[in-house]
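Protein chains in written order, with numbering that gives the first Met the number 0: chain A, 0 to 177; chain B, 0 to 436.
Do not take every clue at face value.
To be verified - Examples of chain A residues lying across from chain B (beta carbon under 8 Å, computed):
1. S41
2. E42
3. A123
4. N124
Simulated from the structure, these hints should not be mistaken for lab results. Glycine residues also receive a C-beta, built at the ideal position from the N, C-alpha and C atoms.
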Amino acid sequence: MSNFKPTLALALCFTLSAPLAVAQQILESPQLGNTVTQMELSELDLIASEESVLPAGSGTAFQGREIYAAKCASCHGAEGLGGAANQPLVGGNMRSEDAPIRTVGSYWPHASTLFDYVRRAMPANAPKSLSNTEVYQVIAYVLYMNGLIDQYKVINAETLLALKMPNAGGFVDMSASD
Amino acid sequence: MSSRKTDASEARATTPTLDSATADLVVAGNGLLSRRLLLGLGLGGAGLSAASGALGADFSMPAWSKQPGPGPSGYGQPSRFAADIQRDPGRANPLYPGGGASRTPLHQLRGTITPNGLHFERHHAGVPEIDPAAHTLFINGLVERPLAFDYESLLRYPMVSRTQFLECSGNSGALFRDAAVDGTAQSINGLVSCAEWTGIPLSVLLDEAGVSPEARWISAVGADAASMGRSIPLNKAVDDVLVALFQNGEPLRPEQGYPVRLFVPGWEGNVSVKWLTQIKLSKEPSQFRDETSKYTDTLADRSSLQFTFPMGVKSIITSPSGKMQLRTHGLYQVEGLAWSGAGSIAKVEISADGGATWAEAAIDAQAGDKSLARFRLPWRWQGNPAQLISRATDSAGNLQPTRSQLLSEKGALAFYHFNAQQCWAVSSNGEVKNTYV
Numbered sequence: 000m001s002n003f004k005p006t007l008a009l010a011l012c013f014t015l016s017a018p019l020a021v022a023q024q025i026l027e028s029p030q031l032g033n034t035v036t037q038m039e040l041s042e043l044d045l046i047a048s049e050e051s052v053l054p055a056g057s058g059t060a061f062q063g064r065e066i067y068a069a070k071c072a073s074c075h076g077a078e079g080l081g082g083a084a085n086q087p088l089v090g091g092n093m094r095s096e097d098a099p100i101r102t103v104g105s106y107w108p109h110a111s112t113l114f115d116y117v118r119r120a121m122p123a124n125a126p127k128s129l130s131n132t133e134v135y136q137v138i139a140y141v142l143y144m145n146g147l148i149d150q151y152k153v154i155n156a157e158t159l160l161a162l163k164m165p166n167a168g169g170f171v172d173m174s175a176s177d
Numbered sequence: 000m001s002s003r004k005t006d007a008s009e010a011r012a013t014t015p016t017l018d019s020a021t022a023d024l025v026v027a028g029n030g031l032l033s034r035r036l037l038l039g040l041g042l043g044g045a046g047l048s049a050a051s052g053a054l055g056a057d058f059s060m061p062a063w064s065k066q067p068g069p070g071p072s073g074y075g076q077p078s079r080f081a082a083d084i085q086r087d088p089g090r091a092n093p094l095y096p097g098g099g100a101s102r103t104p105l106h107q108l109r110g111t112i113t114p115n116g117l118h119f120e121r122h123h124a125g126v127p128e129i130d131p132a133a134h135t136l137f138i139n140g141l142v143e144r145p146l147a148f149d150y151e152s153l154l155r156y157p158m159v160s161r162t163q164f165l166e167c168s169g170n171s172g173a174l175f176r177d178a179a180v181d182g183t184a185q186s187i188n189g190l191v192s193c194a195e196w197t198g199i200p201l202s203v204l205l206d207e208a209g210v211s212p213e214a215r216w217i218s219a220v221g222a223d224a225a226s227m228g229r230s231i232p233l234n235k236a237v238d239d240v241l242v243a244l245f246q247n248g249e250p251l252r253p254e255q256g257y258p259v260r261l262f263v264p265g266w267e268g269n270v271s272v273k274w275l276t277q278i279k280l281s282k283e284p285s286q287f288r289d290e291t292s293k294y295t296d297t298l299a300d301r302s303s304l305q306f307t308f309p310m311g312v313k314s315i316i317t318s319p320s321g322k323m324q325l326r327t328h329g330l331y332q333v334e335g336l337a338w339s340g341a342g343s344i345a346k347v348e349i350s351a352d353g354g355a356t357w358a359e360a361a362i363d364a365q366a367g368d369k370s371l372a373r374f375r376l377p378w379r380w381q382g383n384p385a386q387l388i389s390r391a392t393d394s395a396g397n398l399q400p401t402r403s404q405l406l407s408e409k410g411a412l413a414f415y416h417f418n419a420q421q422c423w424a425v426s427s428n429g430e431v432k433n434t435y436v
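Put together the whole structure using the sequences plus the hints.
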C-alpha cells in the first residue's frame, strides 16, 4: 500500500496533460519487458533495408552462379524465368504493350529487398540456410541475370544500396491517404 | 409473436396464399419483398413454409432418444453430420512448402462469427509449431529501451477484446478476370472471416519501450519459416492495433499465429502478422518483399500503388450463392455478409434484376465497427431468371462500387482489393452461378 499514493498522484498528473486512457495504461501496465541489446538480437533481427544496416560480407555473380544452380534453379528455372515454382526472378518490362511480367528486375523498387527476402525466406525448402556471404553471392547472380550488373561487380552493404532499380520511381506510397 | 406491433401490410402477409400474401410487399423487381415480412412471419409465414417444406414423415421415436450417448469430452467437435463444413486447403505444393491458402465456407455458416477452425488461412511457409515457453516478442529500433517479452509476461498485461473482420486483400481477386469463374461464395470470396480478438493494445508495449520522436513506422515480423514481415505506419500502430493472444475466447490456433499475432483492424489481412516475434521502429518502411513485389497494384499507366492498407466497403450474398440449386419455387431469404475497413455497415441494398431496381435489406442490429454485418431480405422466386446483387454503404458514406467502376479505376493489371458488387445469376431451372452484369 505504501506506494499506492505516489502512483495515483502520477496518474492524476497524467490526466491533466494526456487522455485518461493513457494514464490508465500507465497505471495498469505491469512493465514486464526485459531490456535487451541489439547485439543479443543480431541473429533474430533480419531486417535489411536502407535504414537498417545490412550485414558485412560481399559476393559477385560469378561466385553466386553455382549456389543458384544448386539451390534455386530447381524451383525458379536455370535462367530464373519461372521454372516449376512459377515464380520468375528475371525478365519483364513495365513499359511493355501487354501485361508486364513483374520480377526483381522489372518491378522491385529497392535492391535491399532482395537481400532481406532471400536471407529470411529462401530457398523455400531450407530458409536461413545460406550464410550472409552466400546471400550476397546469389543475389548478385539474380541481379546479373536481370542485366543490372556485370558478373564481377562486388555486391555488399554499400554497393547494393547504391544500385538503382529500373522501377525505382514506379511506386506511389498510399499510406498518407489511409 | 402476439405482442408484436402489426400494421396493414403485415396483416395482409397472414393471408393464405403466397401470391396474395406478398403482392403488396414487393419492394423491388423480380420478387424482392419488404423487410417487414422477415419480422412479420407470423402464422402466415409458418403456413407458407409448411406448405412447401418436404418433411420426412417418420414420427416414430428415434434411436438416440432410447439410449444414452457418450459423456462429456475434453474438446468438443462438430457433429459428424456437419463434417462436410470445411475450409478448402487445396493440394500441397512441394515447391511452395507450407504455402497457400484455405477459405472459409461462408455459404454454410450463419451469424457473423467464424468458428476458429474455419477462419481462413494464408501462409507463406506453413504453420510453425511454436512452444510459447521458447517464444520471444521483442521491440527494437528507434526506441529508448529495446525490450523482450515472454508469453507468460504478456498474459499479465491488460487486454481488450474486439469483434472484427479480417480479409485478405487477394480475396475475390478472381473477379478481376475477364471470364466469370464458376465458383462458390467460399471459393470466390472465402478469404474473409470474423472473430473476437483479445489482446494487448500495441501502444501499451510501445510506451514501455519508449518510442523515439523520429520514428514513423513499425515493422512487424513473424517467427514462421518465411519470417513474414510488413511495415505499418506508427500512427495506426498506436491507434487500434492489438498484440492478440486469444481468438473467440481461446488461445490463438497455430494457423492463426499461436502464441501471438498482430491484429490490425480494417486493414488487409497480410499486415496482421502471425507468430509475431519482432516489432522494429524506424523512420521509413522496411520495403519488405510482401509490400513491394506483392500486395501492390499496378495501374493502367504502369505506376503501382503501395501501402494500400484499408479494406474497402464490401458485401457478398452467401445464399443463394454459386453452385447452389433452388429446388422449389416460393419464398427464399437472400442473405449475406457486409463489412468495411472504414467503420460499420450503414445500409445494404439488394437487387434481383441485375441492378435495375434495389431494396434495402434488414441488418442485424449488433453490426459493429469493422465487424461482419449479416443482411437479409425475403425473395419470392417463381422460376424467372434472376440476377442477385448486393451493395453496401458504410458509416463513412462509402458505397460499394460496381465491377465496371472498380475496373475503370484500377485497370486490368490489378489483383488486390477487389471490393466491387458481385452478381449471382439464378437460371429458370434454379441453378446459381457467378456472373458479370
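Against the structure, the hints:
| no. | hint | in the structure |
| --- | --- | --- |
| 1 | S41 | 11 Å, violated |
| 2 | E42 | 11 Å, violated |
| 3 | A123 | 6 Å, holds |
| 4 | N124 | 6 Å, holds |
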